[in-house]
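What follows is the residue order along each chain.
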Amino acid sequence: MKRYTLLAGFVLAALGAAWAAHAADAKIEALARSCNSCHGLNGVSVGASMPSIGGLSESYLYNVMLQWKHGERYSATMGRHFKGYSDEELAGLAKHFSALPWVPVVQSADARVLAHGKEATERCETCHGATGGQPDDKDTPMLNGQWAKYLELELMKYRTEGVDMPHKKMRKNAQKMGEDADVAAAAKYYAAQPK
Amino acid sequence: MNRFDRRAFIKAAIAAAPASAFLGLPQTAHAAAKARVVVVGGGFGGATAAKYIKLMDPSIDVTLVERNATYTSCPLSNEVISGHGHIEELQVGYDGLGKRGINVVIDEATSLDAAKKTVSLKSGKTLNYDALVLSPGIDFNYTAVEGYSEALANTTHPHAWKAGPQTLALKKKLEAMQDGETFIISVPPKPFRCPPGPYERAAQMANYLRDHGKKKSKVIILDANDSFSKKGLFEQAWKRQYPGMIEWVAGAEGGKVTRMDAKTNTAYTDFHEMKAGVLNVIPPHHAGNIARNAGLANAQGWCEVDMLTMESAVAKDIWVVGDATIHGDLPVYDAPKSAHAASTQAKAAAGAIVAKLNGLPAPEPFFVNTCYSITDEDWGFSVVHIYRVQGGKLVYIKEAGGISPINIPDEPQLKLQRKLEAEYAPGWLKNIMADAFA
Ligand SMILES: Cc1cc2nc3c(=O)[nH]c(=O)nc-3n(C[C@H](O)[C@H](O)[C@H](O)COP(=O)(O)OP(=O)(O)OC[C@H]3O[C@@H](n4cnc5c(N)ncnc54)[C@H](O)[C@@H]3O)c2cc1C
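Residue numbers (the numbering used here), protein chains in the order written: chain A, 1 to 195; chain B, 196 to 633.
A portion of the hints provided could be inaccurate.
Between beta-carbon pairs, the in silico distance windows are [said to hold, decoys possible]:
hint, chain 1, residue 1, chain 2, residue 2, range
1, A, Val106, B, Arg262, 36 to 44 Å
2, B, Glu448, A, Cys127, 54 to 62 Å
3, B, Lys294, A, Ala99, 20 to 28 Å
4, B, Asp374, A, Gly178, 42 to 50 Å
5, A, His167, B, Ile603, 20 to 28 Å
6, B, Glu370, A, Asp110, 32 to 40 Å
7, B, Leu363, A, Asp136, 50 to 58 Å
8, B, Pro384, A, Asp136, 55 to 63 Å
With a Cα cut of at most 30 Å, we get these calculated DSS-like pairs of lysine-lysine [claimed, not checked]:
hint, chain 1, residue 1, chain 2, residue 2
9, B, Lys593, B, Lys625
10, B, Lys614, A, Lys118
11, B, Lys229, B, Lys511
12, B, Lys588, B, Lys511
13, B, Lys625, A, Lys95
14, A, Lys95, B, Lys593
15, A, Lys83, B, Lys610
16, B, Lys614, A, Lys172
17, B, Lys588, A, Lys169
18, B, Lys610, A, Lys168
In silico negatives: residues of chain A with every beta carbon more than 12 Å from chain B [to be verified]:
hint, residue
19, Ala30
20, Gly40
21, Asp137
22, Arg171
Hints are computed from structural coordinates only; laboratory data are not their basis.
Heads up, the beta-carbon is just placed ideally off N, CA and C, and yes, glycines get one too.
Could you put the whole structure together from the sequences, leaning on the hints where they help?
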């Protein structure tokens, strides 16, 4: 009898934990559904100025959202959203979107622009890899098959004096790029990479 | 798990959460037989609701009834009038939803019977439902402006407050304006669809006039109201981009248009009489007629709902989303009549409906809204609203949301902020349209 009770207790406890986890997941999924309006189903954007976020690393996602929540990172729109979320929710969202596959949206560009872009991104290789798809650490986002328009706008943020983009090295690198034409070419180069 | 355990399991999952928890559940967990959901209106609200109900519980039989085979987005339609976009970019059909297993019926719902749970269609068909979603958008009260009529709207005096043929008709009228003539926009009393819309339209009209050698022309906004959405942001933009070209007349200064003369193109308010080159009267509106005729609207013409589920406050098993609804007692801001609000409400309704059809309590909803406005090339801004459930009520989260910063002393930083949001607006539209229709 005692053995049964114990077993039942154990099963119940396990089930309880599973329920709780499931419930939490479902709440995060509800929040995540609201992101689809701007970032696309499963975090794969179909709009050129909006980033895909599905498949970015958990650490990068969490970091960025927390920085926005605490006003430590510039954004034009996004930061105003995250002031309304708890840290646990942000952690849950980071986990949710990082568990999805990174789906590159491969955009074509003409050969001259791609060659220009390859040259303009040589200095970037150490951290982003040759195609933007081999980040050297978990706090570096995927760039391959990200939307070119978005990448270009993001680089404008890093390049504009006084804009609060906290990553110093990335800021320096963006500012060392030459003209705006280099920036556009670099963005198109990464956007064209399937891997 | 035996049957009892499985039920308890779903219950636990959904208690805190919406029904994506249903995804992948065994068949026995689904509503007995095939539950039938009918959605009337395939705009941002209805299309999103139909799609998400199907995503959350594929066993539910979902039928979408829509009058037009092609939907035209109102968002970014002001930019079509000014020549910065093409209407085809705003149009979408219903094949995407068809491929998801939703029965799309191109027809008009003519009446509904809440007691019998049926919807009658113009073609003569009758649909039965277990749950009905209404997202009919708005219809207009032309009699509020003496001298205006639906016939005029469809011919010489388009309001273009439903995008489509009238959008193109208004574009033609703008293009035909002579330098020095006035474009008058008349704004109805709140609440109306797209709170920043008329003021964005003013900027877009001025944009066309400025860039087409008609700088002596003016845009005059005759407003029934005394303030408006993102006012500081609009006034800053107007001043920088169209100095002296845009004039706003508040309700208190006699802005409310009560009468118009189509022949002489004149607008009349209590204080003013104004002749226009183009007279663009946006008539007051109310919930779509199908909802109003069914008795679902209040005296002001809007459908009151339980904000936690979007279920009608007056009829069982009917959920109303989008512009047709009113959320009376939300503090700080009432939720705007926007595509983004319609979409987020549709997702909340979908969660509640799937739960109910499976015999479970409604999950906790989450509402977000973002409205972008574009006044000139590289000049956009937004307002964000976040609503959460606190103490059993939906409340506006003051710490979050709000408008884009108005004063940014550093000019390059100001320009960056405005450029980014001008670029984000079309990206948002692509995604929210795909979210509803693809
Ligand atoms: C100029 C302008 C600019 C705007 N800009 C923005 C913006 O930038 N961002 C934003 O978020 N919102 C914007 N909006 C607001 C947005 O368009 C609406 O809030 C949104 O369309 C509401 O969605 P809905 O589903 O309630 O109604 P709708 O999108 O109007 O859909 C209603 C649908 O129901 C159908 N229907 C109605 N009755 C019946 C019936 N009896 N039988 C069958 N079908 C029926 C109609 O044909 C229609 O397709 C703008 C609006 C305007 C006018």
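Status of the hints after comparison with the structure:
1. A:Val106 with B:Arg262: 36 to 44 Å: With a Cβ separation near 38 Å, Val106 of chain A and Arg262 of chain B satisfy 36 to 44 Å, so the hint holds.
2. B:Glu448 with A:Cys127: 54 to 62 Å: Between Glu448 of chain B and Cys127 of chain A, where Cβ atoms are some 58 Å apart, the hint holds.
3. B:Lys294 with A:Ala99: 20 to 28 Å: Holds: the Cβ-Cβ distance is about 26 Å, inside 20 to 28 Å.
4. B:Asp374 with A:Gly178: 42 to 50 Å: 44 Å, holds
5. A:His167 with B:Ile603: 20 to 28 Å: 22 Å, holds
6. B:Glu370 with A:Asp110: 32 to 40 Å: At 35 Å between Cβs, range holds.
7. B:Leu363 with A:Asp136: 50 to 58 Å: 52 Å, holds
8. B:Pro384 with A:Asp136: 55 to 63 Å: 59 Å, holds
9. B:Lys593 with B:Lys625: With Cα atoms ~29 Å apart, Lys593 of chain B and Lys625 of chain B stay inside 30 Å; holds.
10. B:Lys614 with A:Lys118: 26 Å, holds
11. B:Lys229 with B:Lys511: 19 Å, holds
12. B:Lys588 with B:Lys511: 20 Å, holds
13. B:Lys625 with A:Lys95: Holds: Lys625 of chain B and Lys95 of chain A sit about 25 Å apart, inside 30 Å.
14. A:Lys95 with B:Lys593: Since the Cα atoms of Lys95 of chain A and Lys593 of chain B sit roughly 26 Å apart, the hinted pair holds (cutoff 30 Å).
15. A:Lys83 with B:Lys610: Cα-Cα ~24 Å, so holds.
16. B:Lys614 with A:Lys172: 22 Å, holds
17. B:Lys588 with A:Lys169: 45 Å, violated
18. B:Lys610 with A:Lys168: 22 Å, holds
19. Ala30: 4 Å, violated
20. Gly40: 5 Å, violated
21. Asp137: 27 Å, holds
22. Arg171: Fine: 14 Å to the nearest Cβ keeps Arg171 of chain A off the interface.
Figure legend: structure checked against the earlier numbered hints; hints not met, in rising order: 17, 19, 20.
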